[in-house]
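Protein chains in written order, with our numbering: chain P, 1 to 353; chain X, 1 to 130; chain Y, 1 to 478.
Don't read these hints as lab results, they were simulated from the structure. Cβ atoms here follow ideal geometry from the backbone N, Cα and C, with glycine treated the same way. Just to be clear, a hint being listed does not mean it is correct.
[Said to hold, decoys possible] When the alpha-carbon atoms are kept at most 16 Å apart in a straight line, the in silico EDC-like pairs for lysine to aspartate or glutamate are as follows:
no.	chain 1	residue 1	chain 2	residue 2
1	X	43	P	81
2	P	303	P	324
3	X	123	Y	18
4	X	64	P	324
5	P	90	X	78
6	Y	26	Y	91
7	X	123	P	328
8	X	64	P	328
9	P	121	P	284
10	X	129	P	324
11	X	124	P	2
12	X	64	X	127
13	Y	27	Y	91
14	Y	153	Y	223
15	X	124	P	328
16	P	33	P	73
[As the list claims (entries may be wrong)] Covered, in the sense of this in silico footprint (three residues per stretch, anywhere, with C-beta under 8 Å from a C-beta of chain X), are these stretches of chain P:
no.	region
17	72-80
18	147-159
19	344-352
One letter stands for each residue in the lines below.
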Amino acid sequence: MDWNFIIFSAVKIAVVIGVVQGMVAYAVLAERKISAWIQDRVGPNRTAPPFAKHIPVLGRLLTRLGMFQPLADGLKFMFKEDFTPAGVRKIYFFLAPAIAVIPAMLTVAVIPFGSVLGGQKMVIADLNVGILYTFGIVSLGVYGIVLAGYAANSKFPFLGGIRSSAQMISYEISMGLSVIPVLLIVGNLNLGQIIGWQAQHGWLILYAPLAFVIFLVASFAETNRLPFDLPEAETELVGGYHTEYGSMKFALFFLGEYSNMIASSGMMVTLFFGGWTLPFWGLDHPAATLVSGIIHILIFLVKMAAFIVLFIWVRWMFPRFRYDQLMDLGWRRFLPLALVNILITAIILWMRA
Amino acid sequence: MEQSQLMQYLPVLMLIVVAIGFAAGTLTISVFLGQSAKRTKAKDMAYECGANPIGENTPRFSIKFHLVAMLFILFDIEVVFLYPWAVVYRDMLADHATRNLILGSMISFMFILFAGYLYALKKKAFDWKN
Amino acid sequence: MTLEVCVMALGVVLMLADFWLPADRKKFAGYAAVAALAGLLFLSFGGCGCCSLSGTAFNGMFVEDGLAVFFKRFFLIAAILVLFMAVEFSDRIAGGVSEYYSLIVFALSGMLFAASANDFTMLFVSIELITITFYILTSFQRGRLVSLEAGVKYLILGALSSSFLVFGIALVWGTTGKLNFNELAAVAAQFESNKIFLIGVLFILVGLGFKIAAFPFQIWAPDVYQGAPTPTTAFLAVGSKAAGFVLLLRVLFTAVPTVTAHWANLLIVISGITILYGNLCALPQRNLKRLLGYSSIAHAGYLLLGVAALSTSGQSALLYYLAGYLFTVCAAFTVICLVTRHLDNDDLSALAGLNRRSPLLAATMTLAMVSLAGIPPLAGFFGKFLLLKSVLEQGAANPGYYCLAFTALAGVVISFYYYFGVIRAIYWSKAAADVSPISLSGPIKVALWICIAGMFWLGLFPSKALNLATEAASVFAK
Chain P
1 MDWNFIIFSA VKIAVVIGVV QGMVAYAVLA ERKISAWIQD RVGPNRTAPP FAKHIPVLGR
61 LLTRLGMFQP LADGLKFMFK EDFTPAGVRK IYFFLAPAIA VIPAMLTVAV IPFGSVLGGQ
121 KMVIADLNVG ILYTFGIVSL GVYGIVLAGY AANSKFPFLG GIRSSAQMIS YEISMGLSVI
181 PVLLIVGNLN LGQIIGWQAQ HGWLILYAPL AFVIFLVASF AETNRLPFDL PEAETELVGG
241 YHTEYGSMKF ALFFLGEYSN MIASSGMMVT LFFGGWTLPF WGLDHPAATL VSGIIHILIF
301 LVKMAAFIVL FIWVRWMFPR FRYDQLMDLG WRRFLPLALV NILITAIILW MRA
Chain X
1 MEQSQLMQYL PVLMLIVVAI GFAAGTLTIS VFLGQSAKRT KAKDMAYECG ANPIGENTPR
61 FSIKFHLVAM LFILFDIEVV FLYPWAVVYR DMLADHATRN LILGSMISFM FILFAGYLYA
121 LKKKAFDWKN
Chain Y
1 MTLEVCVMAL GVVLMLADFW LPADRKKFAG YAAVAALAGL LFLSFGGCGC CSLSGTAFNG
61 MFVEDGLAVF FKRFFLIAAI LVLFMAVEFS DRIAGGVSEY YSLIVFALSG MLFAASANDF
121 TMLFVSIELI TITFYILTSF QRGRLVSLEA GVKYLILGAL SSSFLVFGIA LVWGTTGKLN
181 FNELAAVAAQ FESNKIFLIG VLFILVGLGF KIAAFPFQIW APDVYQGAPT PTTAFLAVGS
241 KAAGFVLLLR VLFTAVPTVT AHWANLLIVI SGITILYGNL CALPQRNLKR LLGYSSIAHA
301 GYLLLGVAAL STSGQSALLY YLAGYLFTVC AAFTVICLVT RHLDNDDLSA LAGLNRRSPL
361 LAATMTLAMV SLAGIPPLAG FFGKFLLLKS VLEQGAANPG YYCLAFTALA GVVISFYYYF
421 GVIRAIYWSK AAADVSPISL SGPIKVALWI CIAGMFWLGL FPSKALNLAT EAASVFAK
């Protein structure tokens, strides 16, 4: 047993989970603030703990920006009545939110969020089958939602669950196919090596733009975000699969959705945008010093934040698809497109070699 | 080698434990901290926009969903077959002996996959309009 | 390999052709498939690289030897005759006629792979390819309840048998670490007393026993034969059974010959009971297809005689018998298919007055029944003769073989009753409800004449075919 390894892993896990949860909390805030700006409102601007007004300028500023809002939201979820309706299937009703949130937290395990810091690789588990692991875990996410729809024993959740299962599995195929050109070019499943390749040859978005577009759209569908939020379409299904849920159980679904969003952003950054690298200022080599290690992590976080903002921006800019349009897009447009993309990439590589 | 391969998965295992603990913990905390209020009959009802629920709570749904599930299984397995091919593609291209084999075998595989796709398409399996 | 690839491609083309062919032209898709398969069969005799007599592929998983070539030609002929039948049957299929043809072709490709399987993985994949297509082929008449019932029964029991097969393969692989038949043969002797290994082999035999409908696993056969569309039944009776036998031969005599040598008594018992069961249960049957279903169980028993003999002469007799069985069964089912065209059931009374309605059909059916019963000068007689001879040759070593030969003879005598019941229904039934003449299309006449010629050729001039069978069976003599 290598205790050193275990302790470092534990520390990395603790930090990553902490950061991801923090990002979830503030992604929710960002969502509310950005939607407010887009709609010419101000958004959350007055929630503050009592001590905030004693801090001179900063306290007011943070309150205005709504920085304390996520804390209040979290506390509210915790102290709300934990109500379980009589008609539900009890065990599954408790199991569903847990199953929704666990895979969402596991996806981040293989994403390299930095190069090297203090002799440690900045990734929780440097698996050789990184991409396969991610897809395996992501496809587990559908169970939580389907189970939620089934457990609630009510019409709207049921329809939401059915819809989401069909939607998620449909786009999973396109997503899986869209990554194959990347693998063809790099020839490795390990995410760290994919980033290493990009550091040498340039970002993969330049080599496989179509793959990126398909991946991006598929991740919108996979995370049930607008314009593909059919499973919880408010105007049709009230709340979709989580209609019957309240308090912390509802919060876990929320957490799962945003964690998924963060994980997909991380995947896109890693696969197509060079992960922690930047092509200038010598930032494309694994860090030698502590400072450059931290800079690499920051680069990764900034890239990821950009994608999260993109997710949020799209949500408030585009209308929702109809269900037949959604399935049409997935099966009749993206699936053949992804196949052709693979074929073209393979043939170009064959001609070049 | 084998040892270190398995050791790679140890952090994943730890993360799983943490994730399960987190989910279980938050659910339990909520049970204990959450306030309890009166249960009423209306509160226990399945939500249907305020009206009393009508009919079965798990209604019948379109057969299309089953079709999608079956197609998913077929295509997903085929996608998985593509992964090992994609990983070794570069190495086999570099070798002159296997250069055409690796492309040809995959083109024939894609041909079969595409024939299946075309079949499903023509059978209107992806048609959700009606 | 080229042959398999061609057949696969043909299947895909037929499947997609469905969407672009106008409805009244769909018949020709079947004839086109027949022509393509006939071409492939011709090429296999011409030796244009399709069936070169040696070589392996996929690291020895796929083997191209005399036995494989024999069975490939066998399956091609079977598929051609079945496709002729399917074209005649097409007006009774609600939708997707081309799919029906293409599924037959896909099942054929599975059989071709089975003929060449030299590895448990290949064995399983080919069996699944055959069985899964047959699930669909069996329940293809979606509007008929019996067809659906047959499909479901076949699905459930087929899945059960597949699971036995997989468990068996897993146990064999777990104990020996080998999947390839030749590699397994080299080490099988070391594991002769290993219980887990023997259970594994037994499980594999159970799985294959389902496919050939041998005694304790025959339960699905009558219901499925009765309910399935007639061409499917014919293909099931000929193709699927022959595929089961080629795999059985390969497993018993290539993979685990040392184990098989100890299991003669088991094979004798199974063979004897299968013969008796099939023949006795066929006696009271009034439904033609059900009757042939039971008769096919009995024939599986006869074929097992050749396996139980554990000798090259037994194996070649088995191959010869299968060849005769092919033409005979195809003839019988083609007649049933044509006669019951406008009827709901396949009752024996449908044959009433057939000699006036269509002398050719009556003659074909009579010849088929005579051949099945094993009366000279037709194929069935000579096949049974060879099988009994091979069994009796072994009698000196094990008196059980004498009992088996006696049982087989008793079975033949019993079978006379119900086969002649069919002939009687054709010529001597009083009340013929329908005496309108049956018009036959040109191609189906060709198919009938092929069957008749095959039955006579194999019965009167056995030497050529027997040489082929002996040559094929010599694979195991090495």
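Now the hints, each set against the structure:
1. For the hint linking residue 43 of chain X to residue 81 of chain P, the alpha-carbon distance of about 12 Å falls within 16 Å, and the restraint holds.
2. Between residue 303 of chain P and residue 324 of chain P the alpha-carbon distance is near 33 Å, which puts this suggested pair outside the 16 Å criterion.
3. Taken as a hint, the residue 123 of chain X and residue 18 of chain Y pair is honoured in the structure, with Cα atoms around 10 Å apart against an allowance of 16 Å.
4. The suggested pairing of residue 64 of chain X with residue 324 of chain P holds, with an alpha-carbon distance near 11 Å, which does not exceed 16 Å.
5. Restraint check: the Cα-Cα separation between residue 90 of chain P and residue 78 of chain X comes to about 37 Å, which exceeds 16 Å; the hinted pair is violated.
6. Annotation: proposed proximity of residue 26 of chain Y to residue 91 of chain Y holds, straight-line Cα distance about 10 Å (limit 16 Å).
7. Only pairs whose Cα atoms come within 16 Å are accepted, and residue 123 of chain X paired with residue 328 of chain P is accepted, the gap being roughly 14 Å.
8. This hinted pair checks out: residue 64 of chain X and residue 328 of chain P have alpha carbons roughly 13 Å apart, not beyond 16 Å.
9. For the hint linking residue 121 of chain P to residue 284 of chain P, the alpha-carbon distance of about 15 Å falls within 16 Å, and the restraint holds.
10. Proximity of residue 129 of chain X to residue 324 of chain P is assessed by CA-CA distance (about 6 Å); at most 16 Å being required, the pair is judged to hold.
11. The hinted pair formed by residue 124 of chain X and residue 2 of chain P fails the criterion: a straight-line CA distance of about 57 Å is larger than 16 Å.
12. Between residue 64 of chain X and residue 127 of chain X the CA atoms are separated by roughly 9 Å; this keeps the pair inside 16 Å, and the hint holds.
13. Restraint check for residue 27 of chain Y and residue 91 of chain Y: the C-alpha separation of about 9 Å stays at or below 16 Å, so the hint holds.
14. Taking the CA atoms of residue 153 of chain Y and residue 223 of chain Y, the gap is near 8 Å; set against the 16 Å cutoff, the hint holds.
15. Restraint check for residue 124 of chain X and residue 328 of chain P: satisfied, since their Cα atoms lie roughly 11 Å apart, inside the 16 Å limit.
16. Taken as a hint, the residue 33 of chain P and residue 73 of chain P pair is honoured in the structure, with Cα atoms around 15 Å apart against an allowance of 16 Å.
17. Evaluation of the coverage hint for the region 72-80 of chain P: fulfilled, as 4 residues show C-beta separations to chain X shorter than 8 Å, against a requirement of three.
18. Under a criterion of three residues with beta carbons nearer than 8 Å to beta carbons of chain X, the stated coverage of the region 147-159 of chain P is upheld, 8 such residues being counted.
19. Taking a C-beta to C-beta cut-off of 8 Å, the region 344-352 of chain P contributes 4 residues in contact with chain X, enough for the three needed, and the coverage statement holds.
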